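Peer 1: Single-letter residue listing:
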Amino acid sequence: MAVSPESKRGGLGGWLTEVGRSFFPSMGAREWRDTLRGEAAPRPNPRMRVHTNSFWYHIRPRSLPEEATAWYYTMGLGWMSFFFFVLEAITGLFLMIYYSPSPNEAYASMVQIMNDVPLGGLMRNIHRLGAHFMVAVVILHMLRTYFTASYKAPRQFIWFTGMILLLMTLLLSFSGYLLPWDQLAFWAVTIGSSMADAAPGVGPAIGALLRGGAEIGAGALLRFYLLHIFMLPMLTIILISVHYYAVRKQEISPIHELFVNKKPTKRKIPFLPDQVFFELAVILILTFAFIFINNFFWDAKLESHANALQTPQHTKAPWYFFWLQGMLKLGDKIVWGLGVAGIVFGALFLLPYIDRNPSRRFVDRKFALAGGIISLIVFVVVSYGGLPAFGIQKVASNEIAEHYVPVEGEGIVMEIPFDKLPDKRLVYQVYYNSKADTEGLVAGEYGIDRTQSDPGLRVEDLSPETLELLAELRHDVVYWADFDQRFVRPLVTLTIEPWLYGQIDDPNNLALKTAAPFIQQKRATITMSWTTVKEEDGQLVEQAEKSTYTQTKYINRNGIVEVGKTEPHK
Amino acid sequence: MTKNIAISLLFTVATVALLGYIWFGQTSDRLVATTQRQDAQQLEFGQRNYEQYCAACHGLAGEGAGPQLKSAPPLNSLQTGKGPGTEAFTTTNGIQKKYGSLRNYVEAMITNGIRGTAMPAWKQQGMRDDQIRAIAAYVMAMQGGAVSPVAKSVAAEWNATETAKIPTPVATPEPPLDDPQANAGRDLFRGRGCVGCHNVTDKPAVGPGLAGLFTPEGTVAYGTVLPNGEEVNDATVLEWIKVGGGGPGVGPDANDSPTGGGEYGPMPAQAGVVNDEEIGQIIAYLKTLTR
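Chains A and B supply the protein sequences, listed in that same order. Here our numbering is used: position 189 in the first sequence is 189, and no number is missing along the way. Here our numbering is used: position 17 in the second sequence is 17, and no number is missing along the way.
Hints were generated in silico from the structure; no laboratory data involved. Computed from a predicted model, the values in this text were never measured in an experiment. From the three backbone atoms N, C-alpha and C, an ideal C-beta is built for every residue, glycine too. Among these hints, one or two may not hold up.
[Stated by the list, open to error] For the chain B half of the interface with chain A, some residues (derived, Cβ under 7 Å), not all of them:
#: 1; residue: I7
#: 2; residue: V13
#: 3; residue: T15
#: 4; residue: V150
Given these sequences and hints, build the entire structure.
Peer 2: Structure follows, in structure tokens:
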């Protein structure tokens with residue numbers, strides 16, 4: 001038992017004292033106590049010592065100038081990026097325990113995480129929303145750095161590493177996007193990898209490297225998984241270290257350099273205890289808020305299993321790639337997808353060297369500020385253009401079918417509570433003569449088809465939601481027939497009929513013991529027939545034969561569960 | 001700073017309390033609700049798959065005997081029903097013991113098929129496990145008469161429409177063939193569903209065209225051998241019709257293979273459809289087909 005000769009107590013007490021001292025090598029226990037009690041530090045300040053002695057404390061500064069901590073200046077966005085990175089790492093670690101990166105098992109493991117694992121759904125939601133937030137926060141951090149000219153000398157290298165970190169964040173998000181292996185994931189990544197393929201020269205090689213094969217499959221999933229859990233996080237941690245090391249060395253760019261007559265602040269906020277507890281409080285508030293939002297207000301959807309043979313209707317990229325999808329609609333994919341995107345990214349990377357103005361003051365940077373705001377507006381507009389609602393040729397029959405009875409997702413028929421849908425067969429027809437001189441529907445050409453509907457069906461029994469649905473159908477038929485020149489004189493029939501009954505009364509029914517306990521189902525079908533038109537000499541000529549299209553959806557009682565509620569849609 | 005310490009403590013407690021509330025309070029309800037939704041989605045998915053792969057033989061409402069009388073057993077009364085190739089799931093035969101539950105039995109049938117019948121091994125045909133589970137869930141939902149009368153009438157209409165799409169045999173009355181066996185064989189060929197997959201010309205349909213099967217030149221698709229490599233003669237053709245080669249060529253790619261046969265595998269066994277004597281008559285009819 002090593003007891004230092006200075007200790008005044010011998011024996012066990014002396015040993016305990018020595019052990020206690022080893023826990024507080026830089027600052028004694030008494031000094032820690034005073035710190036926590038909020039007492040002023042003595043001079044010279046012993047609390048600064050931890051920043052030279054402790055590994056963890058050496059990463060953070062001893063004190064911060066007051067202006068660097070102003071929330072309206074940095075808004076803590078860099079700090080928040082790191083917060084979200086750690087949040088993703090922790091929730092990702094949890095998910096890694098249950099997830100399996102093989103196409104045979106990935107989807108089933110997702111379902112298991114959401115249904116069977118306690119708090120699994122919550123972890124997955126946090127991970128997903130956290131990813132969106134992280135990308136958003138990183139982009140906002142970049143914007144802040146741009147507008148406060150913090151990239152200028154001597155901080156060019158910080159900006160450079162920051163841009164690489166932006167790329168890492170986008171890649172992390174993109175690689176994780178594929179892992180659920182549902183239709184959304186599969187097709188969004190298919191689009192992304194086909195964009196990589198489009199690059200001249202090295203494109204197909206990059207695409208093959210990403211996918212491990214000709215198409216997205218087991219190879220792609222495994223490679224994306226390894227990228228997502230190991231390669232990219234490792235690179236990100238290294239780059240964050242480099243980035244923050246440079247930030248610490250150069251110190252946060254002073255706010256007074258932005259204005260003409262502002263004087264530098266003298267006041268400094270000591271890291272220990274003020275900043276430590278401030279950051280601790282923010283961490284806990286953010287964690288609580290995030291868990292709260294994810295449990296009560298948000299739900300990460302899982303679409304149906306990835307199917308290489310069936311492309312869903314409106315495939316869209318993740319929101320931070322909308323700008324790319326929007327640009328691709330403007331013209332040639334190499335010019336816009338690679339050329340313009342490459343130029344934009346190149347300009348961003350080299351910004352500190354393109355911007356020769358050494359001044360950080362707002363008054364001296366009018367051009368840069370205006371350019372920044374304009375770029376932001378263009379970015380938002382182009383992103384809007386990337387939405388599937390915009391600029392894609394719409395076929396009326398498809399649009400109607402996908403709105404009412406979509407293959408993927410709920411559709412407005414299913415969104416009506418199950419009991420409010422008619423439980424006797426309802427056949428509703430709408431005929432619209434789009435070529436007639438009169439506007440709108442003609443009375444007598446729309447309504448319930450009594451020959452095909454259930455004879456016992458009465459209009460009084462139909463719920464208000466059903467009547468609203470039928471009104472919307474009438475409106476949509478007119479709208480789409482007027483919109484689409486080829487949807488001529490459509491006859492649209494919506495049928496809602498009972499399909500499977502719930503058999504709950506017979507306890508001897510063996511089938512029920514092995515079947516799902518209460519199954520009820522209705523079937524909704526949209527059938528459309530319209531006059532075919534063919535283009536001859538630039539004119540649309542009506543043909544004799546009719547085109548038809550039918551789409552069916554089976555509607556189950558529990559098909560929709562609303563976020564935050566535990567009861568199914570009643 | 002003390003304010004921050006107080007806030008930290010408060011929110012630590014709040015976070016722990018929230019997690020506790022979620023774990024103990026909401027979790028089981030939410031799991032149940034999510035599970036119910038997953039079950040509902042699985043049922044809908046199973047229905048789409050059933051309509052694509054199974055309804056052609058088993059009928060849209062599981063009533064059995066799809067278009068062109070493919071003679072598949074009904075699926076809506078598996079507890080008690082018996083059809084060609086089906087065995088009742090009761091305790092008296094060994095099936096319940098072997099499979100444990102009706103759902104396991106259904107999944108096993110879908111996955112592995114039934115040898116010697118037209119039921120293909122869907123797993124070998126490339127169906128995923130989740131599709132098989134979904135179809136089994138839908139089949140389970142059909143049990144005990146759970147199909148509504150409306151569904152049955154819709155299924156009958158669907159049957160009729162699908163039947164109308166399959167090329168029908170020649171409607172005009174033809175003179176009877178000289179050989180009475182061949183005549184009987186022709187009626188069987190048309191009536192028992194062979195015509196649903198095979199043309200008597202060169203043209204491939206789901207299966208290859210049978211013109212010239214017993215001639216020295218053989219058929220267009222395979223020549224003088226059967227798809228299993230054996231030379232065409234009475235015995236091998238009898239065996240081929242009885243035992244088949246795997247499964248029926250249903251599905252959207254059925255006409256895309258280079259030989260014109262089904263992408264999903266060669267001929268299904270017809271042992272449940274025709275007996276040996278009838279096969280002899282069909283062979284007699286096939287011998288009359290020339291190129």
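Peer 1: Each of the hints needs a verdict: does it hold here or not?
Peer 2: How the hints compare with the structure:
no. : hint : in the structure
1   : I7   : 4 Å, holds
2   : V13  : 10 Å, violated
3   : T15  : 5 Å, holds
4   : V150 : 5 Å, holds
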